[in-house]
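Undergrad: Hey, can you work out the whole structure from these sequences and the hints?
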Amino acid sequence: MPIQQICTVASMTQLDAATWWMVLEAGKLVEQHGLTGGQFIHIKCGDDQLLRRPISVAIAGWDEPEDLATLIFEVRGEGTRWLSQRKEGDKLDVLGPLGNGFDVSREGHYLLVGGGIGVPPLMEYGESLSWPRTAVLGFRTKDKAFPAVVSRFEEHCEKTYLCTDDGTLGRHGFVDGQVRETLAQDKSFTQVLACGPKPMLKSVAAVAAEFGVPCQVSMEERMACGVGACLGCAIRMKDGSMKHVCKDGPVFNAEEVDWDA
Amino acid sequence: MREKCLDLSVELAGVRLKNPVVVASGTFGFGREYGQFFDLSELGGICCKGLTLHPREGNPPPRIAETPLGMLNSVGLQNPGVDAFIRDELPFLRQHDVAVIANISGNTPEEYGVMCEKLSEAGVDMIEANISCPNVKAGGLAYGTRPELAAEVTREAKQHAAVPVMVKLSPNVTDITEIARAAADGGADALSLINTLRGMRIDVNTRRPILKMNTGGLSGPAVLPVAVRMVWEVANAVKLPLLGMGGVSTGEDAAQLLLAGASAVAVGTALFADPCAPLKVRDGLAEIAARQGLSAVRELTGGIRPW
Numbered sequence: 001m002p003i004q005q006i007c008t009v010a011s012m013t014q015l016d017a018a019t020w021w022m023v024l025e026a027g028k029l030v031e032q033h034g035l036t037g038g039q040f041i042h043i044k045c046g047d048d049q050l051l052r053r054p055i056s057v058a059i060a061g062w063d064e065p066e067d068l069a070t071l072i073f074e075v076r077g078e079g080t081r082w083l084s085q086r087k088e089g090d091k092l093d094v095l096g097p098l099g100n101g102f103d104v105s106r107e108g109h110y111l112l113v114g115g116g117i118g119v120p121p122l123m124e125y126g127e128s129l130s131w132p133r134t135a136v137l138g139f140r141t142k143d144k145a146f147p148a149v150v151s152r153f154e155e156h157c158e159k160t161y162l163c164t165d166d167g168t169l170g171r172h173g174f175v176d177g178q179v180r181e182t183l184a185q186d187k188s189f190t191q192v193l194a195c196g197p198k199p200m201l202k203s204v205a206a207v208a209a210e211f212g213v214p215c216q217v218s219m220e221e222r223m224a225c226g227v228g229a230c231l232g233c234a235i236r237m238k239d240g241s242m243k244h245v246c247k248d249g250p251v252f253n254a255e256e257v258d259w260d261a
Numbered sequence: 001m002r003e004k005c006l007d008l009s010v011e012l013a014g015v016r017l018k019n020p021v022v023v024a025s026g027t028f029g030f031g032r033e034y035g036q037f038f039d040l041s042e043l044g045g046i047c048c049k050g051l052t053l054h055p056r057e058g059n060p061p062p063r064i065a066e067t068p069l070g071m072l073n074s075v076g077l078q079n080p081g082v083d084a085f086i087r088d089e090l091p092f093l094r095q096h097d098v099a100v101i102a103n104i105s106g107n108t109p110e111e112y113g114v115m116c117e118k119l120s121e122a123g124v125d126m127i128e129a130n131i132s133c134p135n136v137k138a139g140g141l142a143y144g145t146r147p148e149l150a151a152e153v154t155r156e157a158k159q160h161a162a163v164p165v166m167v168k169l170s171p172n173v174t175d176i177t178e179i180a181r182a183a184a185d186g187g188a189d190a191l192s193l194i195n196t197l198r199g200m201r202i203d204v205n206t207r208r209p210i211l212k213m214n215t216g217g218l219s220g221p222a223v224l225p226v227a228v229r230m231v232w233e234v235a236n237a238v239k240l241p242l243l244g245m246g247g248v249s250t251g252e253d254a255a256q257l258l259l260a261g262a263s264a265v266a267v268g269t270a271l272f273a274d275p276c277a278p279l280k281v282r283d284g285l286a287e288i289a290a291r292q293g294l295s296a297v298r299e300l301t302g303g304i305r306p307w
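Line by line, the protein sequences are chains A and B. Take the first sequence: its position 175, counting from 1, is numbered 175 in our numbering, and each next residue is one higher. Take the second sequence: its position 205, counting from 1, is numbered 205 in our numbering, and each next residue is one higher.
Because the hints were derived from the structure by calculation, they are not lab data. The reader is advised that the hints may include incorrect statements.
Calculated lysine to aspartate or glutamate pairs in the DMTMM-like style (CA-CA distance at most 20 Å, straight line) [said to hold, decoys possible]: (1) B:Lys212 / A:Glu181; (2) B:Lys158 / B:Asp175; (3) A:Lys202 / A:Glu220; (4) A:Lys247 / B:Glu121; (5) A:Lys243 / B:Glu89; (6) B:Lys280 / A:Glu25; (7) A:Lys247 / B:Asp185; (8) A:Lys91 / A:Glu25; (9) A:Lys91 / B:Asp274; (10) A:Lys28 / A:Glu64; (11) A:Lys187 / A:Glu107; (12) A:Lys159 / A:Glu181; (13) A:Lys247 / B:Asp203; (14) A:Lys142 / A:Asp165; (15) B:Lys158 / B:Asp97; (16) A:Lys87 / A:Asp48; (17) A:Lys202 / A:Glu221; (18) A:Lys198 / A:Asp93; (19) A:Lys243 / B:Asp203; (20) A:Lys243 / B:Asp274; (21) A:Lys247 / B:Glu57; (22) A:Lys247 / B:Asp274; (23) A:Lys198 / B:Asp283; (24) B:Lys212 / A:Asp258; (25) A:Lys28 / B:Asp203; (26) B:Lys212 / A:Glu220; (27) A:Lys202 / A:Asp258; (28) A:Lys243 / B:Glu57; (29) B:Lys280 / A:Glu31; (30) B:Lys212 / A:Asp260; (31) A:Lys198 / A:Asp165; (32) A:Lys238 / B:Glu57; (33) B:Lys280 / A:Glu64.
The model shown is predicted, which means the values in this text are computed figures rather than measured ones.
TA: Structure below.
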């Protein structure tokens, strides 16, 4: 059940020109309400922005002290710019935990696939999943490849493949090429978890389907209430129905999503 | 010093609300989500998400665009249909001590009648007939912009409703008092206003509107002055009780609408910034009334002193 809580900023670190690593003292959000990576919190970003900003949780409850939640976000507009200007000790008005995160209840062999700012929401799964996992992480270019985030995957995953769109780091090309190669070489994967831009999710979902591996995808849509009341953040499902990113997601089974909508 | 006991209750078309703060249709679902943040019995009333005779999937996304001190939406009346509401949602709402106001939209006057019958029988406290949704092609706005159609829909709803019927007016008209009079002539028991203002936002890089439907309804603090003006005009034009809404996020905003002539106010978009906004509006309103030495909040209604 979500709550409204005032959280204190524990630390702020700039990862690159547009990306920030924010740690929050999330208290009850983590301790009693079970906030986890892949879920999101809805943050009031000053008085000038009417709507809250939904920010994905990278990892929560695993660092010391245990009520910390890590958010890694990109400045995309005025709201996230305001958020990036917060300092240690500042207070934030937060709603959470919101959304469902990835379902990792089944034992298996997991393939984590992240693209750009979609990499951090997989961090907790890379670091603390109970099952063996491999990561495929894609970035536009070497300078946008968050070494501080990537190293957390490299430490805990059996393998971590890096790809860049321009070939400045790791494999040259999008993640779906690496995903195809990995799934072709090793037939033991039982789940793909993917987070990133929609075109990436669409192609990863297609590759996973080709190999018959179930795929979960974390989706984005413009959002207002964040709690399922306003029905703003709708996405269309294959069966024609609408689901809502804030309440039914952000993680969906890839085969249910209408990728052509 | 002993505090004077302030009476927060108001009456809207014969329905008693324990306080004048209602939540606006379309911003509150059927209460379950925000019911996680506060006790729904704290509210004066709940205008439920707009219902249609049959389920609707609504408009394609994006449905939301933020604007200066406001937002655009084009949800398009996504809802499970009136029967599912009565079966799955009304019993939950009924567990709370709060007036339940069902909001309905029809494609034809007859559909309004059918829904009024079903909802009256199911036991809602009031029906809000939406003749003003800007986000659907059939009906909706057309009924809200032509006086003779507004009157016809109201008559049909009244004929089939056993509970008070409140007609929700669109601000997207040249003269809102014309439609208000037509609804009054049709037998409306109350009027609610304003629905959202039609608006648009364009991404200058892609040259595409943000909303997939191109245009949508503007709400939020940006529309408050329009709401105050229109409530004032309608209060001067008809004798009906009014539910005022549009951009209310503080007690002072609510007091403006009451002074302009509303009997109660609805809080909508402010919820998205703060889930407890309706309670803060209620408390802020009570504070203003107490400071002005009133014994009842309802004394504010129509208390404007125009130049």
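Undergrad: Which of the listed hints are not met by the structure?
TA: 1, 2, 4, 6, 7, 13, 15, 18, 19, 20, 23, 25, 29 and 33
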